[in-house]
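Protein chains: 2
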Amino acid sequence: MSKHIAFIGVGNMGNPMAQQLVNAGKQVKVFDVSEKAIKIAKETGLNVVNSLDELLSNSSAVISMLPEGKHVQELYLGENGVLTKISQDSLIIECSTIDIETSLKIGDHAKSLGIKMIDAPVTGGVMGARVGKLNFLVGGSQEAVKLATPILEIMGQKILHAGEQGSGVGVKICNNMSLGISMIAASETLMLAKRLKMDIKKVHQIVKEASGNNWALANYTPIPGLTDGVPSNNKYRPGFTAAMMKKDLKLANDAANSVNANTPLGKAALKIFSDFCEEGDADTDYSGISKKIGGDTWDYPFDPKGKD
Amino acid sequence: MSKHIAFIGVGNMGNPMAQQLVNAGKQVKVFDVSEKAIKIAKETGLNVVNSLDELLSNSSAVISMLPEGKHVQELYLGENGVLTKISQDSLIIECSTIDIETSLKIGDHAKSLGIKMIDAPVTGGVMGARVGKLNFLVGGSQEAVKLATPILEIMGQKILHAGEQGSGVGVKICNNMSLGISMIAASETLMLAKRLKMDIKKVHQIVKEASGNNWALANYTPIPGLTDGVPSNNKYRPGFTAAMMKKDLKLANDAANSVNANTPLGKAALKIFSDFCEEGDADTDYSGISKKIGGDTWDYPFDPKGKD
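Sequence order for the protein chains is A and B. According to our numbering, the first sequence holds residues 78 to 385 in order. According to our numbering, the second sequence holds residues 78 to 385 in order.
It is worth saying that the hints were derived from the structure and are not from the lab.
A pair counts as met if it fits within one copy or between any two copies, since identical chains are not told apart.
Calculated lysine to any residue pairs in the SDA-like style (CA-CA distance at most 20 angstroms, straight line):
no., residue 1, residue 2
1, K327, P341
2, K223, Q234
3, K274, V336
4, K285, A295
5, K274, N337
6, K103, R207
7, K285, G205
8, K106, G88
9, K271, L237
10, K116, V126
Just so you know, these numbers come straight off a predicted model, no measurement behind them.
If we strip away everything but chain A, and leave its shape as in the complex, we get (with noise of 0.2 angstroms):
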């Protein structure tokens, strides 16, 4: 009997990954402690076990894709975790974004046992990981990913190693607290136009073209209109909503103190997500922090909890 691919976590981001491993010919078993999951998973034909002795019994590879640092803490690290339950020859691929103490303490552990792990979280979303096109942010030893590059390589279209391991989160943390500071930028840049009665649309095109641009500005662009394809056009439906920013700013802002990193705008941009959360916008895509920035000039089509 051949090995297989044990896929932990099969929520948004994790079920069309692990769908994409089924596609490319893998044996992949799934298991996920949420009901939801569970019932999706086995409608899209994934192969549900119902323990982790089950999913993890001759397994070549671990894979995890989970919300938060306590989860994966307890998932690897639990009594009954994964690393009393995984021989030596197995590959853990942690996916998770999540802070860097957590990772290493994993990692630290995983290696104590002669286990390798990378950490590899990813960017690019529910559509990208829908098509297999995921950037997977990599830490660990040469060895370990040269292993995992073939499994990755199916979920995903970049491969970018950071680093030893720990520096797959770090490297995630670190973008994903410039890209919150760009999306508030690129709205204050935006919506000043607005206010001062310029044609929004000429200043996009020109700020694209010159040094105010930033990857959100361009590429996620949040006010209607502008750029194809994104969620300002479709009422701010996530997308990567404002709660996984404000989250990702925390674990930024966590990471900074605990180093005493000076990051004054990250710190602005945690102030500015969080407030937004709890005005009632969790759920919105993070673009939409646009309305909160444009305040009463803002008028643009706005219902992120609308069904399509």
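With chain A held as given, fit chain B onto it using these hints.
Chain B only, in chain A's frame:
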């Protein structure tokens, strides 16, 4: 006798812009009130005249490139200002980065006299001016912009028409607010990675390819050794000074206040650059803000006032 171009303000930017016109075979007379600028203009072979009357007599176009709104207002609207001395067939090309209100005031007065005017501030800095590769951000009527284009094309590579008169400075202000935020965000991102003991070169490469990218991070990188030909590789000698960035962020803040726009990160960036200038680094390149962000982790060559 053929008509000439009257060029007012031949400092760091104006001098090389006027040189481009001369090199292209244009008749150019120049004027400045700064003895230093006049001395350099003479040394570099420009045709310096001693009065506005001499400058403007028989001129076909007036180009101005001055430091601040108050200078531009005095030049055009002062008792013996330009608008009292030129005829209706003159074209005004106002290239200074100033407040929208002053730009509109001069434009309205010119219009009442039947004189065509465009505002056309630039991006690309001294290096762009020297090689004729500025970008012009232009506001004005289609007719005036069409008349100005052959002259602008000598000095610039892109002529970006944003809307009616005043829109050029409007889009410049929006763009540079975004740029000021971006430079601080790039510094926070890279210095956080450094504090976290990550490989800053790999982090830079990865974020550049990912959603955390912005123009400053990619093209004007605030840490040495990552991008060729930027001031961070030359001990932060300008380039574009922190004082100039502070001025532009102040223009953005004033514009935002005038229309009650919400620009929290723009305001935070103004505070950070103001503090940096007050601490003695006004003449440093604006990418030197990475030193202020980096704090005691910052250990790169820094000698912004040294001689090349």
